[in-house]
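Could you put the whole structure together from the sequences, leaning on the hints where they help?
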Amino acid sequence: MAEDTEPKKDAKAELKDMSDICPIGDVLVIAEHILGDLQPVTLELLGAGRMLADKMSRKLLCLVLGHELGDIPQRLIEYGADEVYVAEHEELKYYRTLPYRRVVCDFLESLPSQPHTALLGSTTTGRDLAPRIAAHFDTGLTADTTELDIGPYEHTSKVDPSKIGLYPNCLYAIRPSFGESLKARILGPWKNPQMATTRPGVMIPLNRDPKRKGEIKKVPVNLKKEDHRLLVDEIVREVAKGVKLAEADVIVAGGFGMGTQEGFALLKELAACFENSAVGASRKVVDLGWIPYQHQVGQTGKTVRPKLYIACGISGAIQHRVGMSKSGLIIAINKDPDAAIFKFAHHGIVGDVYQIIPEMIKQFKQVQSTEGVKAVVGTH
Amino acid sequence: MLVEFVKKEWVIDLMASGYRIFVMVKQVPDQGSKAGLNPDGTIDRARAKRMLNPFDKFALQAALHTKKLYGGSVTAISMGPPPAVEILLEALEHGVDRGFLLSDRRLAASDTLATAYALYKTINYVGEFDIIFCGLQTTDGDTAQVGPQLAERLNLPQVTYCEDFSIKNNKVHARRIIEGGHQTVIADPPVLVTIANSYHPLEYKSFHGAWRVQQLQRKQEELAKYITTINLDDVGADPERCGLKGSPTIVAKTEKVGELGGSCNMHEGKAVDELVKEVIVGSSVKEFLSVNGKPQ
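Taken in order, these protein sequences are the chains called P and U. Just so you know, the working numbering puts the end of the first sequence at 382, numbered straight through with nothing missing. Just so you know, the working numbering puts the end of the second sequence at 383, numbered straight through with nothing missing.
No wet-lab data here; the hints were simulated from the structure. Model, not experiment: these values are computed from the prediction. Be careful, since some hints might not be right.
What the hints assert, rightly or not - Here are a few chain U residues that face chain P, going by a calculated C-beta distance under 7 Å:
| hint | residue |
| --- | --- |
| 1 | A274 |
| 2 | I337 |
| 3 | E355 |
What the hints assert, rightly or not - For lysine to aspartate or glutamate, the following EDC-like pairs were computed, each having C-alpha atoms within a straight-line distance of at most 16 Å:
| hint | chain 1 | residue 1 | chain 2 | residue 2 |
| --- | --- | --- | --- | --- |
| 4 | P | K95 | P | D235 |
| 5 | P | K337 | U | E355 |
| 6 | P | K185 | U | D227 |
| 7 | U | K373 | P | E277 |
| 8 | P | K219 | P | D84 |
| 9 | P | K364 | P | E271 |
| 10 | P | K185 | U | E342 |
| 11 | U | K340 | P | E156 |
| 12 | P | K367 | P | E271 |
| 13 | P | K165 | P | D22 |
| 14 | U | K332 | P | D140 |
| 15 | P | K364 | U | D360 |
| 16 | P | K95 | P | E70 |
| 17 | U | K364 | P | E361 |
| 18 | U | K332 | P | D162 |
| 19 | P | K364 | U | E365 |
| 20 | U | K357 | P | D354 |
| 21 | U | K340 | P | D151 |
| 22 | P | K160 | U | E327 |
| 23 | P | K185 | U | D229 |
| 24 | P | K364 | U | E361 |
| 25 | P | K213 | P | D84 |
In this text, a Cβ means the ideal position worked out from N, Cα and C, and glycines have one as well.
Below is the structure:
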């Protein structure tokens, strides 16, 4: 991201209206699914995209690529899209950079005017595809946003005098930077579509409305030979392994304070007390090989927002906090009363994980047998 | 005698058979160290401790491992201010054959797209290649965009989030992470690969490597054979497409996220069963327990 100076207030009167450079327009969400399994981030993007489109009083478009998509286009409408564009082709059955890139670029070029905003998820797919689209169109792309909005921007930097002016409707792509100590508002008002990827688990999807009406339109698919330079040999879904951190309601995570790899068996036991739970880990223990990378929460791992996060022996360094601070209820166990994790946990227990966790398991089991508690479903 | 040995052992032979491997590396501020942190939380890059981007270490490992298994040469390419030469020296110590640093004041404030353009011009200048390895992302930008944008500029197929890489019958076989699993892909070189941090960690540099670089640093003209610093004019890049001018994104505003803290209910200094009980009574943790302890 380039750095720029804050606009000066007194320059406002002279600023040229630049609304023709990035006029308001539709909002496009590029849907994501794995072999027909619609990804939660797409519904979240529709929720955010709906808000942006309403602000501009324009339509929310959704482009979905695949093969034998079944009811997915209809579901996209029920979650907020006004128009769903469907590119169906056998070669689009699963995600591959070049064929998907071709279809998305052709689709955008076929539109009479460019969407104002184009959104993708910050997933292994979205982060693979979005930069290529942005580079193809020479347009701005902001990665891993956590907030989106539309608003004005006064550009007064003299580096390029032709750009000086007031841009009334810019996409505000807001993301944490430098760990999570700063929030940066990043703009790219020089050209539509203004692009962003959004972290999974952050935006709020709309409630599904089966009565919502929308249009479903077909998109032509014209792949070229050079789009087949890379082939997918096999797709393995490791659902059976149970590492579904992003979707878990409860995450029990361990850090270096667990002392040994064997300590993670205890965490599994604690996690088993909960409905829809998973075991997470800090980067340090993943680097030590105590647990596979798929369990890693944080800046270089997954961003999660479970209803309950139990951090065991995790100091709470900023790189970890980035990935879990939005959790509903955070309980931290650490023997160091000054550990950073206690600055943002809701409940902190100071003590030895090997004393606290077995006691927790014991008491949870008592609660389960005496009260017969029900798992809470819904938002926390 | 020792100097003789160096010359014999370590010659750049880029015409040798095997793969022409490029690895893209970046010097980043060390966020783990407090040095060079401004009061508002931003990094003063001039004062901050510098290091090789941690993600690039995995890319470096992939490049060196590929050379070891299948033969060829490894060229490290970086863009940054003059001190970035440090990471090229580090790469040489690890066994890279040569390094190029694109350094030019006109590159200041480049965003990912402007960076990708400048690197694309640099790669064209350096020469032909079969495989380009990049780190998945950097720790200072965290975007993971430069790799794919560079691939777009070079019109290459790409494998991002790669955690396993091999070559069989001159075809690249790679395993990449996807949500809830992985996929394996096959491609003919040339290809651009971004390496995830679930790849093998970078091996320690050998004593030999470190010693050789130490010897080289004593003679600038010797070192210049291995590390070349170039600018935008050398690579024929259009300055209008670099730096702030060539960047489609700008940081319009930064704000400090409020200091956390104060709201944590601390439980300490009591018997373990008391502490746990306090949390169970004082929070909503009970609500998430599975029914009757039934395993899910």
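Hints versus structure:
Taking 7 Å as the C-beta cut-off, the interface hint given for A274 (chain U) holds, the closest approach to chain P being about 4 Å. At its closest, the beta carbon of I337 (chain U) sits 4 Å from a beta carbon of chain P; the interface hint therefore holds under the 7 Å criterion. Taking 7 Å as the C-beta cut-off, the interface hint given for E355 (chain U) holds, the closest approach to chain P being about 4 Å. A C-alpha spacing of about 13 Å is found between K95 (chain P) and D235 (chain P), which places the hinted pair at or below 16 Å, so the restraint holds.
As the CA atoms of K337 (chain P) and E355 (chain U) are separated by approximately 10 Å, the hinted pair is consistent with the 16 Å bound. Restraint check for K185 (chain P) and D227 (chain U): the C-alpha separation of about 14 Å stays at or below 16 Å, so the hint holds. Distance check on the hinted pair: K373 (chain U) and E277 (chain P) sit about 11 Å apart at the alpha-carbon level, within 16 Å; holds. For the proposed pair K219 (chain P) and D84 (chain P), the alpha carbon gap of about 11 Å is at most 16 Å, so the pair holds.
In summary, the hint linking K364 (chain P) to E271 (chain P) is supported, as the alpha carbons are separated by about 11 Å, within the 16 Å threshold. A distance of roughly 5 Å separates the Cα atoms of K185 (chain P) and E342 (chain U); the hinted pair therefore holds under the 16 Å criterion. A distance of roughly 12 Å separates the Cα atoms of K340 (chain U) and E156 (chain P); the hinted pair therefore holds under the 16 Å criterion. With a C-alpha separation of about 11 Å, the suggested pair K367 (chain P) and E271 (chain P) falls inside the 16 Å cut-off, and the hint holds.
The suggested pairing of K165 (chain P) with D22 (chain P) holds, with an alpha-carbon distance near 12 Å, which does not exceed 16 Å. Distance restraint check for K332 (chain U) and D140 (chain P): the Cα-Cα separation of roughly 13 Å lies within the 16 Å cut-off, and the hinted pair is therefore satisfied. Distance hint between K364 (chain P) and D360 (chain U) is fulfilled; the C-alpha atoms sit about 9 Å from each other, no more than 16 Å. Among the hinted pairs, K95 (chain P) with E70 (chain P) is consistent with the structure: their alpha-carbon atoms are about 8 Å apart, no more than 16 Å.
Distance restraint check for K364 (chain U) and E361 (chain P): the Cα-Cα separation of roughly 9 Å lies within the 16 Å cut-off, and the hinted pair is therefore satisfied. Of the pairs offered as hints, the one joining K332 (chain U) and D162 (chain P) holds, with about 7 Å between alpha carbons and a cut-off of 16 Å not exceeded. Taking the CA atoms of K364 (chain P) and E365 (chain U), the gap is near 14 Å; set against the 16 Å cutoff, the hint holds. For the hint pairing K357 (chain U) with D354 (chain P), the CA-to-CA distance comes to about 12 Å; that is within 16 Å, so the pair holds.
In summary, the hint linking K340 (chain U) to D151 (chain P) is supported, as the alpha carbons are separated by about 14 Å, within the 16 Å threshold. Among the hinted pairs, K160 (chain P) with E327 (chain U) is consistent with the structure: their alpha-carbon atoms are about 14 Å apart, no more than 16 Å. Simply put, K185 (chain P) and D229 (chain U) have alpha-carbon atoms about 13 Å apart, close enough for the 16 Å limit, and the pair holds. The straight-line distance between the Cα atoms of K364 (chain P) and E361 (chain U) is roughly 13 Å, inside the 16 Å bound, and the hint therefore holds.
For the hint linking K213 (chain P) to D84 (chain P), the alpha-carbon distance of about 12 Å falls within 16 Å, and the restraint holds.
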